[in-house]
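Start from the sequences, fold in the hints, and give me the full structure.
What follows is the residue order along each chain.
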Amino acid sequence: MTKTKAANLSQMYTKYLNLVQAIRSLPSFPDLDAVESRMLNTFAAAWHDEKQITVLEAMVMLPEISTTTAHRRLKMLRKKGMIDLNLDAHDNRVKYVVPTKATHQYFAQLGQCMEKAQEAA
Amino acid sequence: MRVQSSALIVGLTALSYAGLFLFNEYLFSAFNFSAGVAWIFLPSGVRLVTVLLFDKWGALGVVLGSMMVAFHDALLTDPLTVGVAACLSGLAPLLARQVCLSLTDLDVNLQALTARGLLRMALIFSALSAGLHQSWYAWRGASADPLSSVLVMFSGDMLGTLLVLYAAKVVLSLDTRLRRG
Numbered sequence: 034m035t036k037t038k039a040a041n042l043s044q045m046y047t048k049y050l051n052l053v054q055a056i057r058s059l060p061s062f063p064d065l066d067a068v069e070s071r072m073l074n075t076f077a078a079a080w081h082d083e084k085q086i087t088v089l090e091a092m093v094m095l096p097e098i099s100t101t102t103a104h105r106r107l108k109m110l111r112k113k114g115m116i117d118l119n120l121d122a123h124d125n126r127v128k129y130v131v132p133t134k135a136t137h138q139y140f141a142q143l144g145q146c147m148e149k150a151q152e153a154a
Numbered sequence: 034m035r036v037q038s039s040a041l042i043v044g045l046t047a048l049s050y051a052g053l054f055l056f057n058e059y060l061f062s063a064f065n066f067s068a069g070v071a072w073i074f075l076p077s078g079v080r081l082v083t084v085l086l087f088d089k090w091g092a093l094g095v096v097l098g099s100m101m102v103a104f105h106d107a108l109l110t111d112p113l114t115v116g117v118a119a120c121l122s123g124l125a126p127l128l129a130r131q132v133c134l135s136l137t138d139l140d141v142n143l144q145a146l147t148a149r150g151l152l153r154m155a156l157i158f159s160a161l162s163a164g165l166h167q168s169w170y171a172w173r174g175a176s177a178d179p180l181s182s183v184l185v186m187f188s189g190d191m192l193g194t195l196l197v198l199y200a201a202k203v204v205l206s207l208d209t210r211l212r213r214g
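Chains A and B, in that order, are what the protein sequence lines are.
Residues in the first sequence are numbered consecutively from 34, following my numbering.
Residues in the second sequence are numbered consecutively from 34, following my numbering.
It is possible that part of the hints are untrue.
[Unchecked claim] Restraint ranges, calculated between C-beta atoms of paired labels, are given here: (1) A:Val131 x B:Val204: 32 to 42 Å; (2) A:Pro60 x B:Leu134: 15 to 25 Å; (3) B:Val132 x A:Thr87: 42 to 52 Å; (4) B:Ser67 x A:Val131: 50 to 60 Å; (5) A:Thr87 x B:Leu180: 55 to 65 Å; (6) A:Glu148 x B:Ser168: 42 to 52 Å; (7) A:Gln142 x B:Trp72: 23 to 33 Å; (8) B:Leu41 x A:Thr75: 31 to 41 Å; (9) A:Thr47 x B:Ala40: 21 to 31 Å; (10) B:Glu58 x A:Thr87: 54 to 64 Å; (11) B:Leu41 x A:Asn119: 18 to 28 Å; (12) B:Asp208 x A:Leu42: 15 to 25 Å.
[Claimed, not checked] Derived DSS-like pairs (lysine-lysine); straight-line CA-CA distance at most 25 Å: (13) A:Lys113 x A:Lys134; (14) A:Lys84 x A:Lys38; (15) B:Lys202 x A:Lys112; (16) B:Lys89 x A:Lys36; (17) A:Lys113 x A:Lys84; (18) A:Lys108 x A:Lys84; (19) A:Lys84 x A:Lys134; (20) A:Lys128 x A:Lys112; (21) A:Lys38 x B:Lys89; (22) A:Lys38 x A:Lys48; (23) A:Lys134 x A:Lys48; (24) A:Lys112 x A:Lys48; (25) A:Lys134 x A:Lys108; (26) A:Lys134 x B:Lys89; (27) A:Lys108 x B:Lys89; (28) A:Lys38 x B:Lys202; (29) A:Lys128 x A:Lys113; (30) A:Lys48 x B:Lys202; (31) A:Lys112 x A:Lys84; (32) A:Lys36 x A:Lys48; (33) A:Lys128 x A:Lys108; (34) A:Lys84 x A:Lys48; (35) B:Lys202 x A:Lys113.
Keep in mind the hints are simulated off the structure, nothing from the lab.
Idealized CB from N, CA, C, for every residue including glycine.
The structure is reproduced here in structure tokens:
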């Protein structure tokens with residue numbers, strides 16, 4: 034393979050990767066897997082009671098998954114914009130898991146789906 | 034780029050464009066505003082993606098694909114109008130790409146291309162395509178209502194592009210899930 038051809042193919046592949054990345058990040062309803070969905074539902078119960086959840090507490094809220102998995106899922110939820118982390122006012126080491134606008138929209142959408150399901154039943 | 038690679042790109046693009054055009058006709062012909070103007074136009078997504086990835090070769094493939102479907106129509110009476118329109122199908126996205134490179138922060142290699150940037154590009158692509166096509170049709174007296182046609186064509190191109198992009202998004206997410214196991 035000549036240098037020019039290799040450079041062209043390399044450029045094409047770079048463009049492809051960048052385009053794929055942009056397509057993946059198109060706005061949509063976040064694609065949550067079962068674990069992420071379960072975590073969010075568990076947090077929702079605490080948020081509804083106006084309780085603050087630290088990251089450490091969040092990692093152990095679901096006993097059926099390991100803390101490593103929980104931490105990884107927290108990072109994914111944050112990446113998808115479904116949670117945010119707020120620093121404690123007095124202790125920078127403590128971070129609280131808080132809902133975002135997307136979280137509220139997500140639960141509102143689920144609520145609408147439940148309403149429709151009830152009407153249909 | 035070697036001739037064989039370019040020919041492959043042009044050929045595959047032409048076939049994809051023509052195939053999607055026929056598929057679009059099959060699915061959405063009921064949504065056609067007039068001849069050549071549709072409320073949903075899926076091939077515009079192919080135009081965007083191929084020109085972004087393959088530049089002029091993608092554009093040439095689109096021109097070829099457009100000519101394939103245009104001259105397939107047995108009712109065709111004005112080859113010049115349709116032939117130039119087919120060329121505009123490839124030229125418009127190429128021009129839009131240049132506009133994006135000049136006026137936005139788009140990089141030649143699509144570096145740091147964001148979702149917002151991609152949607153903005155789709156908007157520019159659709160606007161230029163609709164504008165150029167309808168200007169040509171109006172010039173040739175082939176459009177009964179140029180203003181409405183340009184708006185419908187813009188909407189059709191934009192909607193078609195969004196459908197193609199989101200279909201690609203779904204395919205990519207399925208691929209990720211399969212790889213995760």
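| Honestly, which of those hints from before does the structure not fit? | 8, 11, 14, 23, 26, 27, 28, 34
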